[in-house]
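**Q** These protein sequence lines map, in sequence, to chains A and B.
According to this note's numbering, the first sequence holds residues 894 to 1064 in order.
According to this note's numbering, the second sequence holds residues 894 to 1064 in order.
Please keep in mind that the hints were generated in silico from the structure rather than gathered at the bench.
None of these values were measured; they are calculated from a predicted model.
Each residue gets a CB set at the ideal place from its N, CA and C atoms; glycine is no exception.
Don't take each hint at face value.
Here are the in silico distance ranges between beta carbons for each label pair [to be verified]:
#1 Asp1034(B) to Gly1005(A): 46 to 56 Å
#2 Arg902(A) to Ala994(B): 21 to 31 Å
#3 Leu1047(B) to Asp1000(A): 27 to 37 Å
#4 Lys973(B) to Thr992(A): 14 to 24 Å
#5 Arg983(B) to Lys910(A): 14 to 24 Å
#6 Gly1055(B) to Arg1050(A): 19 to 29 Å
#7 Tyr896(B) to Asn1048(A): 43 to 53 Å
#8 Gly1005(B) to Leu1053(A): 39 to 49 Å
#9 Phe1046(B) to Asp1000(A): 21 to 31 Å
#10 Ser985(A) to Gln1051(B): 38 to 48 Å
#11 Val913(B) to Ser985(A): 24 to 34 Å
#12 Lys899(B) to Phe914(A): 37 to 47 Å
#13 Pro905(A) to Phe907(B): 31 to 41 Å
#14 Ile912(A) to Gly965(B): 30 to 40 Å
Lysine-lysine pairs mimicking DSS-like chemistry, simulated, CA-CA at most 30 Å apart [claimed, not checked]:
#15 Lys1052(B) to Lys925(A)
#16 Lys973(B) to Lys1029(B)
#17 Lys925(B) to Lys973(A)
Rough simulated footprint, nothing fancy, chain B against chain A, three-plus residues with beta-carbon under 8 Å [claimed, not checked]:
#18 926-940
#19 1037-1045
There are 2 protein chains.
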Amino acid sequence: MEYVKKLIRDVPDFPKKGIVFKDITPLLGDAKAFARVIGAFAERIEGKGITKIVAIESRGFIFGAALALKMGLGFVPVRKPGKLPYQTVRESYALEYGTDAIEMHRDAVQPGERVALVDDLLATGGTLAACVKLVKRVGGDPIVSLLVVELSFLNGRQKLEGHEVHTLITF
Amino acid sequence: MEYVKKLIRDVPDFPKKGIVFKDITPLLGDAKAFARVIGAFAERIEGKGITKIVAIESRGFIFGAALALKMGLGFVPVRKPGKLPYQTVRESYALEYGTDAIEMHRDAVQPGERVALVDDLLATGGTLAACVKLVKRVGGDPIVSLLVVELSFLNGRQKLEGHEVHTLITF
Chain A
894 MEYVKKLIRD
904 VPDFPKKGIV
914 FKDITPLLGD
924 AKAFARVIGA
934 FAERIEGKGI
944 TKIVAIESRG
954 FIFGAALALK
964 MGLGFVPVRK
974 PGKLPYQTVR
984 ESYALEYGTD
994 AIEMHRDAVQ
1004 PGERVALVDD
1014 LLATGGTLAA
1024 CVKLVKRVGG
1034 DPIVSLLVVE
1044 LSFLNGRQKL
1054 EGHEVHTLIT
1064 F
Chain B
894 MEYVKKLIRD
904 VPDFPKKGIV
914 FKDITPLLGD
924 AKAFARVIGA
934 FAERIEGKGI
944 TKIVAIESRG
954 FIFGAALALK
964 MGLGFVPVRK
974 PGKLPYQTVR
984 ESYALEYGTD
994 AIEMHRDAVQ
1004 PGERVALVDD
1014 LLATGGTLAA
1024 CVKLVKRVGG
1034 DPIVSLLVVE
1044 LSFLNGRQKL
1054 EGHEVHTLIT
1064 F
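Full structure from sequences and hints, please.
**A** Now the structure itself:
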């Protein structure tokens, strides 16, 4: 993953002063790097009997949709509140200040379905932990989560104990 | 595309009263339908020398990223203002009331690159026309646009005269 890692760009002071943002857009623009990420994700779910890819808005859509196509699986979007048109389930999670929430369509995952969750970044783990809960709420089985980048100093894995998490690149 | 069309669900009164929203999530959840859409898009750009897929946040990411992977092309996200971390170009466009805007990274498309634009829906055409302008602003060549659904009664193609547009399903 050294080739891929070199295509992640540091952008200082985004989204606010003092934060160094890991910009994955150079990776996305490089067809070889993008294919390597999706190939690595595919290896990690092969043989697990996964039936749906659930991906988190909106960078998660990019990796999740490509993986769903490659593996011949259905794709499920998880979005910010008010974006999904049909009946939804919702989970809130804590931010540094206040709370946020995500939603999934109630009928997007059927009881017993084996789900792989996809997002670009594991930071504090709050969003991903909420997404795992959403899948369970509708009776699905959240088998594994796949993320491109892990910011290990934020200890996001602590929120995901007992859940299998794979990340490709760690900072 | 009859198989795909049946998986687009009408949701009345979303996002506001009187509007019937075309919900593509059942299509996304069906692996065969999703693959058919991406396959149809691939056919429409084959032989055109496309080098980048530019897709519009956030449902456009789902189709654009899968197409980029299938065709072995780089992927470029176009987003709402303030979401992209690096230097951007911006285009505003008119809404029913007021204006909105989209941004693209300045370095995401190189001069002379041949671009296919991807989104889920052609409605009034305002967002897509702005996206065509963004690609031109950085010196790229917007060759063709690919959209899953067209709401033909909104006459979106009027805003895109002289630009090649393909849609798969028309309402």
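**Q** With reference to the structure, classify each hint as holding or not holding.
**A** Results of checking the hints against the structure:
At roughly 48 Å, the beta-carbon separation of Asp1034(B) and Gly1005(A) lies within the given 46 to 56 Å, and the hint holds. Hint check: Arg902(A) to Ala994(B), Cβ distance near 23 Å, so the stated range 21 to 31 Å holds. At about 28 Å, the beta-carbon gap between Leu1047(B) and Asp1000(A) stays in the expected band of 27 to 37 Å. Lys973(B) and Thr992(A) have their C-beta atoms about 22 Å apart, which keeps the hinted 14 to 24 Å range intact.
Between Arg983(B) and Lys910(A) the CB atoms are about 22 Å apart, so this pair conforms to the stated range of 14 to 24 Å. Taking 19 to 29 Å as the suggested C-beta distance range, the pair Gly1055(B) and Arg1050(A) does not conform, at roughly 52 Å. The hinted range of 43 to 53 Å is satisfied by Tyr896(B) and Asn1048(A), whose Cβ atoms lie roughly 46 Å apart. Between Gly1005(B) and Leu1053(A) the beta carbons are some 45 Å apart, a value that agrees with the proposed interval 39 to 49 Å.
Taken as a hint, the range 21 to 31 Å holds for the pair Phe1046(B) and Asp1000(A), whose Cβ atoms sit roughly 29 Å apart. Checked against the given bound of 38 to 48 Å, the beta carbons of Ser985(A) and Gln1051(B), roughly 43 Å apart, stay inside it. Checked against the hint of 24 to 34 Å, the C-beta distance between Val913(B) and Ser985(A) comes to roughly 30 Å, which is consistent with it. For the pair Lys899(B) and Phe914(A), the supplied restraint of 37 to 47 Å holds, since their beta-carbon distance comes to about 42 Å.
The hint said 31 to 41 Å for the Cβ distance between Pro905(A) and Phe907(B), and at roughly 40 Å that hint holds. The hint said 30 to 40 Å for the Cβ distance between Ile912(A) and Gly965(B), and at roughly 34 Å that hint holds. Taking the CA atoms of Lys1052(B) and Lys925(A), the gap is near 35 Å; set against the 30 Å cutoff, the hint is violated. Of the supplied pair hints, the one linking Lys973(B) and Lys1029(B) holds, its CA atoms being roughly 18 Å apart against a limit of 30 Å.
For the hint linking Lys925(B) to Lys973(A), the alpha-carbon distance of about 27 Å falls within 30 Å, and the restraint holds. Remark: the segment 926-940 of chain A is confirmed as covered by chain B, as 3 of its residues place a Cβ nearer than 8 Å to a Cβ of that chain, reaching the required three. For the segment 1037-1045 of chain A, the stated coverage by chain B is not satisfied: 0 residues place a CB nearer than 8 Å to a CB of that chain, which falls below the threshold of 3.
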